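Novice: Given chain A's structure and the hints, the job is docking chains B and C onto it.
Protein chains in written order, with the working numbering: chain A, 108 to 292; chain B, 1306 to 1423; chain C, 81 to 412.
The set of hints was computed from the structure by calculation and includes no laboratory data. If you're wondering where the values come from, they're calculated on a predicted model, not measured in any experiment. All residues carry an ideal CB built from backbone N, CA and C; glycine is no exception. Please note that the accuracy of each hint is not assured.
[Claimed, not checked] Computed footprint of chain A on chain C; a stretch qualifies when at least three of its residues, placed anywhere within it, have a C-beta under 8 Å from a C-beta of chain A:
1. 197 to 205
2. 237 to 250
[Stated by the list, open to error] Every beta carbon over 10 Å from chain A, so not counted as near; a handful from chain B, in silico:
3. Val1318
4. Pro1339
5. Glu1378
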Amino acid sequence: MIQEYLGYAFSFLAVVLAISTIIQKNPVYSAASLIGVMLMLACNYVLLNAEFIAAIQVIVYVGAIMVLFVFVIMLLNIEYAKREKLYYRGRIFGVIIGVALLLKLLIVGYSMAIKIQQGDLPVPKDLDSTKVVGKYLFSNYILPFEVISVVLLIGIIGAVVLGRKERPNGEQKEEVVVKTIGSTH
Amino acid sequence: MLESYVPVLILGVISVGFAFVTLALSHLIGERKPTEEKLIPYECGNVPIGTARERFPVKFYIIAMLFIIFDVEVAFMFPWAVLYENLGMLGLIEMLIFVLILMLGLAYVWGKGALEWE
Amino acid sequence: MSPNAIVFVVIKILVIFALVMLVVAYLTLLERKILAHMQIRLGPMFAGPHGILQPIADGIKLFFKEDIITKEADKLFYFLSPALSIIPTLMIFAVIPFGDQTTLWGLLKEPVKLSITELNIGLLYVFAMGGIATYGIVFGGWAQNNKYSLLGGVRAAAQLISYEVAFTLSVFGVILLAGSLNLVEIVDKQKNMWYIVYQPVGFILFLIASVAELKRTPFDLPEAESELVAGFHADYSSMKFAMFFMAEYASIIVCSCIGTVLFLGGWHGPSFLPPFVWYMLKVFVLMYVIIWLRATYPRLRYDQLMKFGWKVMIPLGFVNIFATAIVLILVK
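With the rest of the complex left out, here is chain A:
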């Protein structure tokens, strides 16, 4: 049952790191904590025999999405940002959304647990999880798979449109550059 204890340990760490993500004053520390959360989730996926999902979790979330977060934090230099105001203004909404999400998670988790107990959801064991994912992705879920590429395309276009705003005088220039590092000396 060491597996179960490890699962609890990883989950506990994930929760601690998640709390650290929201209470850190320095955004870089928040981002680092979030990276930790992602890693702990990946560890839990491994414990659930979903090694492919675990690897993709690390590659996509830790290796790519969090790099973007860190870049944005450095890009805007929002170190020790004045976040106190934000805390108070959005507090009520935050609590409502948080509680709603928590309820949703509990309901989904509970119904899944019942399904698994009844044997409706077979949990594949000792199977190559890459092949399991692939088998479903390229047969049952082929339409969502192709739609993903359209969503990603929109993402690419959005990034370029946001990043390269055209100036009124038609001159293309980066908006966010106020003072680049190279220009300080």
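Specialist: Showing chains B and C alone in chain A's frame:
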């Protein structure tokens, strides 16, 4: 299957231990005589002006965003490549459509000049 | 796992760990010697015969050096970053197979695998760990509060992620051929023919992308001495600096090992040499090529580097994948 991850866990513990013990030891052993000048960030002898944590060109944001998109795309290609023998012609067409749509995106970025670092 | 098996795994890990550290240390000497001889110099000559003790002398020196933490540096990340860059690199060695099963000339009753473990997603694990290693550089550059190192760190991260896509795409030909992400299975499939024969373009892409991932010449912009004063580790000293250095050289070994496993047939070779020797020979050939490149090519400009990554490497990677896929269907 889980059994094959036990060595990974052990290696992780050993690597973390190695890194921190080495860093802590050298921190303790090495002598320290800090002076005012020594603690200034090295800028080729100039006295640094202001903080280093300045704003950055937005270019890096676009690169990171593009990377996420291609990374997600590649993530979907792994199961495809592993199962390719069983998927055959249909699999090839499915993946071609998927990649071609994304290539449109790369062509758009290319055409907009977002990959240039003038 | 039984306690016995765990003890055995720990022994295996410690042996591989020691081996890796030894190769890391002597790779620095090898590089200095090769570069020196290519430039008709002698290189290190004083510590021991032909400088053979130089890496040890360097190591001891770095250990006793003053550990400078600059003003306004972020203490926590300043301390964490070197560890963050070496831990994932060392963890990659978990899945790298160093040879076929062996009984060590009859010393052991049962044959042992010459890898720490064998994962079904071995190759994905390598990419995942490689992705984590980026943070050592980004956070390290940020923590020092040094303009050069922050610029170096962000540049390095942008370079790493740009070439990571190309790096991943370059190995898809091999995955298509082998139908597996398990590194041992990939090697076994190459018993008759190395994949470099079927995947020449893939191999070249892999080599270029891995040199870029290793931040070595001609892609060494993040640590360009002449413009960024060594880039993301400018203010690091003592063992912290050494750790970045070790991570870099350990990644050279990792890349050479992965290249050997994926393209050069791993430990397979004519039977006059044992498999492990074949494996090491191939790894050293790849490491030599990576060092050789440093002696040969000048540094690229940053815009050339980015352009090359996105406009040449990535499209070429996709073309290679689909060419392989189409040929595979035609052959069948």
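Novice: Now look at each hint and say whether the structure bears it out.
Specialist: These are the hints, each one checked on the structure:
1. 197 to 205: holds (count 5)
2. 237 to 250: holds (count 3)
3. Val1318: About 12 Å separates Val1318(B) from the closest Cβ of chain A, which puts it past 10 Å; holds.
4. Pro1339: 24 Å, holds
5. Glu1378: 6 Å, violated
Hint check: a violation occurs at hint 5 only; the rest are consistent with the structure.
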